[in-house]
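Visitor: Chain residues, written in single-letter form:
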Amino acid sequence: MQLKINHSSHTALFALLGSLAATPAMAHNPIFGLGPHVLFKDGVEITPEVKQAKAGNKDKTELALELTYGLTGDWSAGVGIPYIDQSNGSNSASGQGDLSVFTKYRFWREDGPGQQQSMAVALRLNTDTGDDAVSSGSTDGLLGLAYGYEGRRWYRWSALRYRFNGENNAGIQQGNKLLFDLVGGYRMNRTGYMEPDTVWILELNGESTQNTQVNNVDQFNSGGTQWFVSPGIFWTKRNFAVKAGIQIPVASNLNGNQQATDYRTKLVLEWHL
Amino acid sequence: MKHLIKNTLLSLLLLVSISHNAIADTSTYLIRVDGLACPYCAYGIEKKLNALNGVKFITMNLDDGIVTVETQDVTLGDEQLKQLFNDSGFTYRSKEVSHK
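Protein sequence lines, in the order shown, are assigned to chains A and B.
The working numbering puts the first residue of the first sequence at 678, with every later residue one more than the last.
The working numbering puts the first residue of the second sequence at 11, with every later residue one more than the last.
Hints may be right or wrong, so weigh each one.
Between beta-carbon pairs, the in silico distance windows are [as the list claims (entries may be wrong)]:
(1) GLU787/A / ASP35/B: 32 to 38 Å
(2) GLU787/A / LYS110/B: 33 to 39 Å
(3) GLN82/B / GLY869/A: 20 to 26 Å
(4) GLU872/A / LEU40/B: 43 to 49 Å
Since the hints were derived computationally from the structure, they do not count as laboratory data.
All of these numbers come straight from a predicted model, not from anything done at the bench.
Ideal Cβ placement from N, Cα and C applies to all residues, glycine included.
Can you make the complete structure from the sequences, with help from the hints?
Guide: Here is the structure:
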């Protein structure tokens with residue numbers, strides 16, 4: 678039997694995985710952070726993914742499907758829909774999560790022989806359309822700015838994202854969040870076009886979250902800062918990619934009495950058509 | 011009489027075949043492209059080139075930044091290539107063409 682989790686527990690579970698729904702998966706971009714890559718014009722990207730997060734006795738698993746379309750060579754847009762399963766000790770809930778729409782525009786690109794630098798802005802909106810048991814109950818948004826360098830051997834990315842959350846019918850507003858990413862990548866073997874290609878990735882992800890508010894009153898046991906070191910791998914062949922990584926917390930300064938994140942994982946499959 | 015007609019038809023067929031081969035223009039384009047760093051990102055190039063009539067074969071050398079295209083009875087112009095590679099997310103620099 679599935680029980681609806683009370684608001685405070687639901688808030689904590691939402692915060693556990695909330696930031697993971699933030700980055701549309703596209704091409705050679707970081708696994709957890711935001712990158713500037715978009716899709717080629719008239720291309721279609723199909724992306725199933727699974728994410729998991731654990732903090733003490735709380736855990737949350739999300740299966741999501743995203744579809745992206747290349748509007749131009751520098752602008753893409755898409756939709757995503759998740760299925761969420763979460764538990765908080767003895768209580769659990771599952772159901773369809775909030776539908777999201779997203780877009781990314783690469784406003785600067787500098788190409789050289791065997792290398793590319795670029796910058797992009799991204800916007801994502803999570804609509805209040807999911808099942809009550811797992812939905813945030815509000816419309817939330819994420820705005821991001823990303824820089825990336827891609828070469829035949831080395832990669833580097835940096836990004837800033839800001840998540841702003843609405844207020845749900847119960848008067849709960851999740852704390853807004855500032856996210857920072859610094860990422861490096863390395864290709865050991867420079868393979869040809871039709872050959873399998875592997876890039877090893879290491880990310881530094883930081884999150885600073887404001888207090889959750891209930892009826893405009895800050896909740897003491899909410900908000901704070903967490904830092905993660907996140908190793909990952911990016912394997913591709915022609916038009917298919919597999920990305921996988923794990924976020925390992927290395928520092929946290931959470932307000933009040935909260936359970937810090939134990940880990941988060943992410944596995945993404947991508948097809949370009 | 012039958013032999014004469016048959017031989018005439020065969021000669022005509024042979025003449026048409028030779029004429030057709032003489033008209034067909036097979037070309038090889040060596041296209042220099044900037045931004046080609048990863049194989050996965052280059053799929054858009056393959057897809058857009060294959061959508062063009064007359065493109066018979068494509069290969070890409072990522073280390074040298076060269077896309078090789080073999081075509082038959084079609085000419086790939088600079089503006090067309092510039093747009094194609096820009097739509098794929100790269101920058102067209104130049105081309106060299108050889109005809110067979």
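Visitor: Now look at each hint and say whether the structure bears it out.
Guide: Hint check:
1. GLU787/A / ASP35/B: 32 to 38 Å: At roughly 36 Å between Cβ atoms, ASP35/B and GLU787/A fall inside 32 to 38 Å, so the hint holds.
2. GLU787/A / LYS110/B: 33 to 39 Å: Since the Cβ atoms of GLU787/A and LYS110/B sit about 37 Å apart, the hinted range of 33 to 39 Å holds.
3. GLN82/B / GLY869/A: 20 to 26 Å: 25 Å, holds
4. GLU872/A / LEU40/B: 43 to 49 Å: Taking Cβ atoms as reference, GLU872/A and LEU40/B lie about 21 Å apart, which means the hint is violated.
The earlier numbered hint that this structure contradicts is number 4, and it is the only one.
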